[in-house]
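4 protein chains.
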Amino acid sequence: MSSIYNGNIKITLFGESHGKAIGVVVDGVNAGELIDFDYISIQMRRRRPGKNSISTSRNELDEAKVVSGVLNGYTTGAPICALIENTDIRSQDYKNFENIIRPGHADYTSYIKYRGYNDLRGGGHLSGRLTAAMTFAGALCRQILEKRGMFIGAHIYSIGKVYDKGFCNGVDDDVLIRLSKSEFPLLDNTKKDNMIKEINYYKDMCDSIGGSIECAINNVPVGVGEPIFDGVESKVSSLMFAIPGVKGIEFGAGFKVVGMSGSENNDEYIVKNEKIYTNSNNHGGILGGISSGMPIIFRVAVKPTPSIGKEQCSLNIKTKKEELLLIRGRHDPCIAVRAVPVVESLASIAILDLMKGAGMI
Amino acid sequence: MSSIYNGNIKITLFGESHGKAIGVVVDGVNAGELIDFDYISIQMRRRRPGKNSISTSRNELDEAKVVSGVLNGYTTGAPICALIENTDIRSQDYKNFENIIRPGHADYTSYIKYRGYNDLRGGGHLSGRLTAAMTFAGALCRQILEKRGMFIGAHIYSIGKVYDKGFCNGVDDDVLIRLSKSEFPLLDNTKKDNMIKEINYYKDMCDSIGGSIECAINNVPVGVGEPIFDGVESKVSSLMFAIPGVKGIEFGAGFKVVGMSGSENNDEYIVKNEKIYTNSNNHGGILGGISSGMPIIFRVAVKPTPSIGKEQCSLNIKTKKEELLLIRGRHDPCIAVRAVPVVESLASIAILDLMKGAGMI
Amino acid sequence: MSSIYNGNIKITLFGESHGKAIGVVVDGVNAGELIDFDYISIQMRRRRPGKNSISTSRNELDEAKVVSGVLNGYTTGAPICALIENTDIRSQDYKNFENIIRPGHADYTSYIKYRGYNDLRGGGHLSGRLTAAMTFAGALCRQILEKRGMFIGAHIYSIGKVYDKGFCNGVDDDVLIRLSKSEFPLLDNTKKDNMIKEINYYKDMCDSIGGSIECAINNVPVGVGEPIFDGVESKVSSLMFAIPGVKGIEFGAGFKVVGMSGSENNDEYIVKNEKIYTNSNNHGGILGGISSGMPIIFRVAVKPTPSIGKEQCSLNIKTKKEELLLIRGRHDPCIAVRAVPVVESLASIAILDLMKGAGMI
Amino acid sequence: MSSIYNGNIKITLFGESHGKAIGVVVDGVNAGELIDFDYISIQMRRRRPGKNSISTSRNELDEAKVVSGVLNGYTTGAPICALIENTDIRSQDYKNFENIIRPGHADYTSYIKYRGYNDLRGGGHLSGRLTAAMTFAGALCRQILEKRGMFIGAHIYSIGKVYDKGFCNGVDDDVLIRLSKSEFPLLDNTKKDNMIKEINYYKDMCDSIGGSIECAINNVPVGVGEPIFDGVESKVSSLMFAIPGVKGIEFGAGFKVVGMSGSENNDEYIVKNEKIYTNSNNHGGILGGISSGMPIIFRVAVKPTPSIGKEQCSLNIKTKKEELLLIRGRHDPCIAVRAVPVVESLASIAILDLMKGAGMI
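Residue numbers (this note's numbering), protein chains in the order written: chain A, 1 to 361; chain B, 1001 to 1361; chain C, 2001 to 2361; chain D, 3001 to 3361.
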């Protein structure tokens, strides 16, 4: 188990889906940062379940109780621990299929790895519920960046066959600020209805649907990122794959570079008001693992919720006999929606971490 | 700078494209592993330049001189250092455009980060040349895996518009062994001519072309990978983005999950001869960051070589004035080809690292 | 701040002396270890204050509430979080000398480092109170070692001028077991009265007294410790200096080697019942940073409690004017006594960490 | 094996005593530092053997060949690799006692740990010879500190029964500068003759003698050190025990605190010219793991050279039979003398590392 992110900002996660509480310890934040806890609540509310028809009906308030590291609203330099209680647990939902490993989940792999001792209820420590703790940590880090003029925002790039517009080469700060407060963030809000329809289509079939998220970070100064092994892409990707369900990531032009020529893909330099820009942003704000000053842009692919209400072939891990499985728990039909603030949060941690390491914050 | 990969296997890279030598130190390899240096030479030859018309004419023998850590052919437990001399340097190629930052390279970002003190000749320490040292380290690690029955192989998945077949749900060990020795590895060798044509088309236009690589690792036991932050995807992706030019990575069904339903994407479990499998492999051999025993499959997008013979708009970093740039150096028209053994190498390091950390090797 | 020990066993500490709670997250413990929480309580009781006349009258029950990582008494492989509430806080004790930095404490250094934002009440996060959380983590780790036959025990080696006997070349397992349950552990119990007298002598003068602790670990197998930088001495010493007040550490013959000749200091090898021993143990069970199979023996020097009831010259950190300081809080006259289980705890973490890293546990 | 120090400054050591070369890679040094290689040579010469009658007659020039990371005399931000060739090897000296494990060396422990595969000739990778590479790295780091007004100097504190004066509460910069260039550094040079006599006394008896070293670092600003786990004492001690033969370390009053009262040991604060000092320095410049601005002072105990010309009881590791051993190699009669620049070097690395991590350099 490696529930500690040990960068220059250090994040320790703990807790299980059906335990008393989950939580997080954030170490390495400078002393003297005024923390806006309402801001953190907004981010946690964006992620929390039970808000509407397209998210699980598990209803968690997700109030983070700060145990340490903050005095009179300011960080003290000591580790910040936050506890988030689990209040709406229905472990009996899992009794029905005890010992039946759920396809698409980590039940099988974690059962073998932890030799049957791990808490399988609701995914235990590997549950998506832990992303609440990630969001707390990220919302704390991102306001430190925002105070210094860096803005992080993501939108639902696609759900099933329905696509939003893309960031293309860049995006205004205002748009990022708007996105970062929205519970269904889109560049083109007219796409919302079709996306909801797409989700409900699968929900009505007791099924789920995948999606993708696009994230941008504006105004990161030139020079962030530590090649060779801790470049921006390495740091960001490593953190994104900590989100359950993420199966791919691409920066800038991403997989499109595969069919591009060098003359198309290279972003040429221009000087405007004595500042250096590129006139396109296929490089996604990163060259050689180092930020270029252009918006850092990436997209992640999020798989459909593995918990579905359809009957699936599976097996009993104890008897090793095949058995049919019907999951009756409460689940999101599309986890990509609630993953948006988590993506923003982990991106914030990556950037703050790299800037701290470089002595830039 | 973070030229040290500090896992359970530790890799230290050093050297510059136009310096005396590059090199690598591999620490953490168990004592008593018999090392096949011919095997390492084969891998380094697959990567080395100057072999044919579709690679740069810079002719480097890339003979690795082992300085430490090996006695009578066996690892001693001490760090293994290998030096690779630079023999065919033509720094004058870079004189022509001194101070002109090359689009698509790290010239600008590293110049700012290192305040003008970094060695820009040929990309300095951020040159693709360092992948020779990565290949040494990886070839050393992968034979330790192979001796235990794990096989790593990659193929050119696409160049421009020309696509090879894909691994789909899995691949035979024999195929991986064949691929891992090939200098132009393909599943369907009939695609080679069209791919070469595609490359030469761009080469003839003084341009370059992107490509993608697909890699599989067979027979990794269940239980490798340390969630939450050091899952297989996190480790592998973090290392892949250490390769210059990689802009995207996807595991299993990858970005296709975006349009898939849960019932399509979930891989159902079956039991064959008392062993547990999934009847498809959309999860790419990884669930919850932990290996499932199925082949680990991923694809990376490699951008077109940024060094092209076409005139480009750029600027002089000292004067901050725009200038035209014409690069006359020796460059690969498609770096994806030579990146294949590098992808395999870093994948090997990731898996050995995780297995070592889990006490499995 | 670096409140995370990031070894193969990972320890995250959080909390402040006068906050709601302190706590610890232990990550990296294998799944399937049956945890004896009574055992942990015994260790925490040995350390806890308020028990008798020679410890501070601050009365903390120090009951650790386990939040995560344990199911049905067994570790799950997930991080184990324990919370310890602060129940007997008297912050008003600190009001009297607000802004007056206490000599011998970290008030001044932490005030400057954290630019006045840190919680100074009772030392905040740098308080000796955090050793309760260390003891929880250590008591958890040491029972994993004990189940495998390794025993850890320490005794008060000296208080002021009164010395206990020393371990010399080694010690029986039974003695270590006895020591590890004692609240005033001594090899020679007849020394207790004189030591208590020594403590009370200084207590009566509103002063405090230093002491030293000797610790032994029996039956650590040969081969534990990772030279060059993570040898047993490096790991153990690095952790011991995390205990407030420790100012020195020595292994085996320690500072006595300074006056010894090689022929005196070298421990000669002997074979008994086909097992290899040394006939003396000046090397303290460690050669080249690697355990030799002989008892690992070390001593630490613990300074006298800096909080004393005598008037001291100091200064007001805000006005930078010299001021007299009289501390009226509740303090141990000799912190060495309560530090014994902390020393054992951190030693246990060091050994478990190294064994885990080497795949030996 | 853990031959990488992975701080904010990263040090990778490689090589064996009887291999072709040893070397070091230093990563994390800022770009733009002008390196004085003569300065490095001076430090390496202080450490190198073969200079005089009281050091081994193995004659190594110890010229470090810089392979990477420096351009036109300035650091480039890329890792700096230096190679030091082994030129005067006499492996036949070790033939005589092949398979006989030398008391006081790591022969036995490393043989077991590395299952007989490690290079035992001259201690292999665990040889004191590796301290040449440490000295290169340290001499590089310390000049970065010196340029910023911090001075590091150590002296031979004692050899056998002969003691130099001590630093007491502090020392002038000039003295540290003088010490840091001396090959037999003493505060009181009149002690030299007696010390040499002491060494020769043991040398003439085919024996060796222990010693101790005292080191001071002046002008480290307040606030260096990351409690709880990376305080100055933790960092420094962890590195000191990487030096073969070091068996103890103490800071400030060190083991003397054991017999001191709080009122004696506490250093009171005073204000002079608006700067804050303590009027004594029992805390050795460190409170709560954080530098106080006072000189950082510590002492290490160095054991007598384990290689002695006297017959010793030992055993053949292959036959497990006891055998007599007579070592005829070339050895220092007192390794403490040549360890002085190594102590200074590692102290420099520790301080630079902590300052870099705190964004102070």
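One should not assume that every hint holds.
Here are the simulated lysine to any residue pairs, SDA-like style, with alpha carbons at most 20 Å apart [claimed, not checked]: (1) 3272/D <-> 3173/D; (2) 3318/D <-> 2223/C; (3) 321/A <-> 1099/B; (4) 3147/D <-> 1270/B; (5) 1165/B <-> 1181/B; (6) 161/A <-> 1268/B; (7) 3256/D <-> 2223/C; (8) 2318/C <-> 111/A; (9) 2318/C <-> 3173/D; (10) 20/A <-> 2187/C; (11) 2321/C <-> 3161/D; (12) 2320/C <-> 3020/D; (13) 1318/B <-> 271/A; (14) 1321/B <-> 318/A; (15) 2095/C <-> 72/A; (16) 3272/D <-> 2111/C; (17) 3318/D <-> 1121/B; (18) 272/A <-> 1031/B; (19) 3020/D <-> 3086/D; (20) 275/A <-> 1256/B; (21) 2256/C <-> 3161/D; (22) 1320/B <-> 280/A; (23) 1275/B <-> 161/A; (24) 2275/C <-> 3320/D; (25) 1065/B <-> 3173/D; (26) 2161/C <-> 3020/D; (27) 320/A <-> 1270/B.
No wet-lab data here; the hints were simulated from the structure.
Hints, one by one, checked against the model:
no.	hint	result
1	3272/D <-> 3173/D	holds, 19 Å
2	3318/D <-> 2223/C	holds, 17 Å
3	321/A <-> 1099/B	violated, 68 Å
4	3147/D <-> 1270/B	violated, 67 Å
5	1165/B <-> 1181/B	holds, 18 Å
6	161/A <-> 1268/B	violated, 24 Å
7	3256/D <-> 2223/C	violated, 34 Å
8	2318/C <-> 111/A	violated, 57 Å
9	2318/C <-> 3173/D	violated, 30 Å
10	20/A <-> 2187/C	violated, 43 Å
11	2321/C <-> 3161/D	violated, 45 Å
12	2320/C <-> 3020/D	violated, 59 Å
13	1318/B <-> 271/A	holds, 13 Å
14	1321/B <-> 318/A	violated, 70 Å
15	2095/C <-> 72/A	holds, 16 Å
16	3272/D <-> 2111/C	holds, 19 Å
17	3318/D <-> 1121/B	violated, 54 Å
18	272/A <-> 1031/B	violated, 58 Å
19	3020/D <-> 3086/D	holds, 6 Å
20	275/A <-> 1256/B	violated, 39 Å
21	2256/C <-> 3161/D	holds, 11 Å
22	1320/B <-> 280/A	holds, 18 Å
23	1275/B <-> 161/A	violated, 37 Å
24	2275/C <-> 3320/D	holds, 9 Å
25	1065/B <-> 3173/D	violated, 45 Å
26	2161/C <-> 3020/D	violated, 54 Å
27	320/A <-> 1270/B	holds, 9 Å
In this structure, the earlier hints numbered 3, 4, 6, 7, 8, 9, 10, 11, 12, 14, 17, 18, 20, 23, 25 and 26 are contradicted, and the remaining ones agree with it.
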